[in-house]
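In case you want the letters, here they are:
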Amino acid sequence: MKSQEEHGLIRINNVSHTFNTSSGKIRVLDKLTITVPKNSFCAIVGPSGCGKSTVTRLVAGLLQADEGSVWLQDQKVTSPRPVVGMAFQNPVLLEWRSILKNVMLPLEIVPNDLNMSEREARARNLLELVGLSGFEEKRPSELSGGMRQRASLCRALVHQPEVLILDEPFAALDAFTREDLWQTMHRLRSEEPFTGLLITHDLREAIFLADEIFVLSGRPATLQHTEVLSKRGQKNLDDLYSPEASQTLNTLREQIKIARQHEGPLT
Amino acid sequence: MRQIFSATFAILVFLVLWEVLVWVNDWPNYKMASPSDLWPAFWRFKGLFLVYGWETLWRTVVGLLLAILVGSAIGMLMGLSRFAREGLYPLLVGFNAIPKATVVPIVALIFVGQHDLNTVLIAFMISFFPIAVSVSIGLSTLEPEYRDILRSLGASNITIFWKIALPKTMPEFFGALKVAVTLAFIGTNLMEIVSPHGRGLGALFDSGKTNSDYPLMFAVLISLAVLGIGLYYVVIVLEHFIAGWAEREID
Numbered sequence: 118m119k120s121q122e123e124h125g126l127i128r129i130n131n132v133s134h135t136f137n138t139s140s141g142k143i144r145v146l147d148k149l150t151i152t153v154p155k156n157s158f159c160a161i162v163g164p165s166g167c168g169k170s171t172v173t174r175l176v177a178g179l180l181q182a183d184e185g186s187v188w189l190q191d192q193k194v195t196s197p198r199p200v201v202g203m204a205f206q207n208p209v210l211l212e213w214r215s216i217l218k219n220v221m222l223p224l225e226i227v228p229n230d231l232n233m234s235e236r237e238a239r240a241r242n243l244l245e246l247v248g249l250s251g252f253e254e255k256r257p258s259e260l261s262g263g264m265r266q267r268a269s270l271c272r273a274l275v276h277q278p279e280v281l282i283l284d285e286p287f288a289a290l291d292a293f294t295r296e297d298l299w300q301t302m303h304r305l306r307s308e309e310p311f312t313g314l315l316i317t318h319d320l321r322e323a324i325f326l327a328d329e330i331f332v333l334s335g336r337p338a339t340l341q342h343t344e345v346l347s348k349r350g351q352k353n354l355d356d357l358y359s360p361e362a363s364q365t366l367n368t369l370r371e372q373i374k375i376a377r378q379h380e381g382p383l384t
Numbered sequence: 675m676r677q678i679f680s681a682t683f684a685i686l687v688f689l690v691l692w693e694v695l696v697w698v699n700d701w702p703n704y705k706m707a708s709p710s711d712l713w714p715a716f717w718r719f720k721g722l723f724l725v726y727g728w729e730t731l732w733r734t735v736v737g738l739l740l741a742i743l744v745g746s747a748i749g750m751l752m753g754l755s756r757f758a759r760e761g762l763y764p765l766l767v768g769f770n771a772i773p774k775a776t777v778v779p780i781v782a783l784i785f786v787g788q789h790d791l792n793t794v795l796i797a798f799m800i801s802f803f804p805i806a807v808s809v810s811i812g813l814s815t816l817e818p819e820y821r822d823i824l825r826s827l828g829a830s831n832i833t834i835f836w837k838i839a840l841p842k843t844m845p846e847f848f849g850a851l852k853v854a855v856t857l858a859f860i861g862t863n864l865m866e867i868v869s870p871h872g873r874g875l876g877a878l879f880d881s882g883k884t885n886s887d888y889p890l891m892f893a894v895l896i897s898l899a900v901l902g903i904g905l906y907y908v909v910i911v912l913e914h915f916i917a918g919w920a921e922r923e924i925d
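As they're listed, the protein sequences go chains A and B. Quick note: the first sequence uses the numbering used here, first residue 118, plus one each step. Quick note: the second sequence uses the numbering used here, first residue 675, plus one each step.
There may be inaccurate statements among the hints.
Partial list, derived from the structure: chain B residues whose beta carbon lies under 8 Å from chain A [said to hold, decoys possible]: (1) Pro-702; (2) Ser-826; (3) Thr-833; (4) Ile-838; (5) Glu-921.
Within a straight-line C-alpha distance of at most 30 Å, the following computed DSS-like cross-link-like pairs (lysine-lysine) qualify [to be verified]: (6) A:Lys-255 x B:Lys-852; (7) A:Lys-193 x B:Lys-837; (8) A:Lys-218 x B:Lys-705.
Stretches of chain A that chain B covers, calculated by requiring three or more beta carbons in the stretch to come under 8 Å of a beta carbon on chain B [as the list claims (entries may be wrong)]: (9) 175 to 182; (10) 205 to 213; (11) 223 to 233; (12) 293 to 304.
Hints were generated in silico from the structure; no laboratory data involved. Note that CB positions come from ideal geometry on N, CA and C, so glycine has one too.
Assemble the whole structure, with the sequences as input and the hints as a guide.
Structure, rendered in structure tokens:
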């Protein structure tokens with residue numbers, strides 16, 4: 118048996134999916150196949166509404182594919198599993214809990230053998246890692262948007278998930294905060310072992326964070342192009358302005374342009 | 675402290691205006707009692723005020739507790755199931771549209787003589803509606819992402835309800851409870867006034883009417899208002915402890 122490094126920790130295998138809406142059936146995914154190797158960080162980009170978020174819901178087990186299968190750690194995904202951590206564009210922190218208690222929430226649900234003080238220590242460590250020490254007892258509404266998103270990342274990672282799914286988590290932030298958060302992501306990646314799957318509209322974000330970028334075609338989405346980045350793992354912001362990165366950016370732009378021309382009709 | 679001061683000040687101004695209004699118009703106390711007539715009325719019936727005030731209070735509270743239990747249960751049903759929501763809403767709205775004053779004689783006839791039960795029942799019927807509606811709205815408007823955060827970890831629906839849906843609904847629940855508290859007093863008194871040989875402050879009001887004792891009737895109204903304010907602030911204190919996170923600092 119091949120290892121999950123080459124075989125893929127996440128395997129999306131020939132997946133098709135159709136939504137029934139009031140305006141008819143909409144086929145969002147068409148025979149999509151994607152493999153995400155263990156400990157890598159992959160980004161999915163594509164035109165708006167092409168079904169990127171559907172992919173995250175399939176991997177998280179929140180949704181079952183009509184056709185094809187999704188595999189996580191060589192197990193077919195049929196229901197949600199605690200090996201997944203998720204963060205969305207909306208940080209969805211619970212206002213009646215302090216930041217610390219928000220981060221500890223998954224540990225109240227996922228089976229683990231940490232006692233209360235160990236759980237708290239784990240949460241405090243993560244908060245420190247993202248630069249939120251001193252804010253543990255604050256309410257979410259007392260924090261800025263960027264800080265809330267940092268807390269949301271901590272909550273997604275506190276139970277040490279194998280897979281971190283990020284569905285446009287930085288999209289609502291201003292440009293400077295976003296770049297800070299990108300660097301925080303790299304710091305988290307160097308300290309915490311996880312396999313990342315990022316959904317984004319921002320091509321520079323994909324280039325900065327990912328090892329591999331999948332471009333999806335317009336609806337119904339299928340894999341149109343895979344861009345393997347030469348510089349993997351840790352990067353710094355200057356790398357974004359290297360000729361190589363510009364080259365990649367151009368390629369991706371071209372691919373998105375093609376993807377948008379291939380918008381399928383409603384079926 | 676400032677809050678107590680401004681509230682006391684407002685009440686005093688109200689009493690002075692009332693007294694002046696009666697004095698200027700030279701109304702006799704069988705037309706309109708003045709605040710200075712009230713204290714003798716209280717003092718003359720102080721025993722009855724205590725006993726009947728307590729009766730009114732406990733019936734209202736029991737009716738209200740019943741309304742919280744049943745209202746929350748109906749609200750949960752409607753908030754969590756679309757089928758129940760679509761089915762029950764017209765029925766509930768229709769029920770609420772019926773003036774409770776018309777239901778009072780019916781209930782009084784059905785359970786004739788069972789004065790406590792009658793009164794509690796009306797207090798409950800008049801006050802459960804806002805609770806049911808607010809709980810159902812609180813639950814049905816829960817953003818799917820909140821649910822997904824826990825569902826993706828494998829949490830059961832019961833866990834999601836306890837950890838997220840229920841606490842998130844608390845501000846709406848207390849908003850409705852504040853309305854329900856005053857409604858429940860109206861319900862209790864409707865029954866106490868109408869029911870023959872009734873007890874409670876409503877009955878005291880009724881006997882004031884029979885004996886043309888206008889200061890007594892006004893004194894009953896004032897003591898009802900005092901009870902209402904008291905219970906309302908109990909709810910405020912509970913809200914502060916249970917859903918205080920929803921409070922915002924306003925200047």
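To see whether the hints hold, each was checked on the structure:
1. Pro-702: 57 Å, violated
2. Ser-826: 4 Å, holds
3. Thr-833: For Thr-833 of chain B, the interface hint holds, since the closest Cβ of chain A sits about 6 Å away, which is under 8 Å.
4. Ile-838: 7 Å, holds
5. Glu-921: 10 Å, violated
6. A:Lys-255 x B:Lys-852: OK: Lys-255 of chain A and Lys-852 of chain B at ~29 Å, within 30 Å.
7. A:Lys-193 x B:Lys-837: Within the cut-off at roughly 29 Å; holds.
8. A:Lys-218 x B:Lys-705: 62 Å, violated
9. 175 to 182: holds (count 3)
10. 205 to 213: It holds, with 6 qualifying residues against the three required.
11. 223 to 233: As far as the segment 223 to 233 of chain A goes, the hint holds, because 4 residues have Cβ atoms under 8 Å from chain B.
12. 293 to 304: violated (count 0)
In this structure, the earlier hints numbered 1, 5, 8 and 12 are contradicted, and the remaining ones agree with it.
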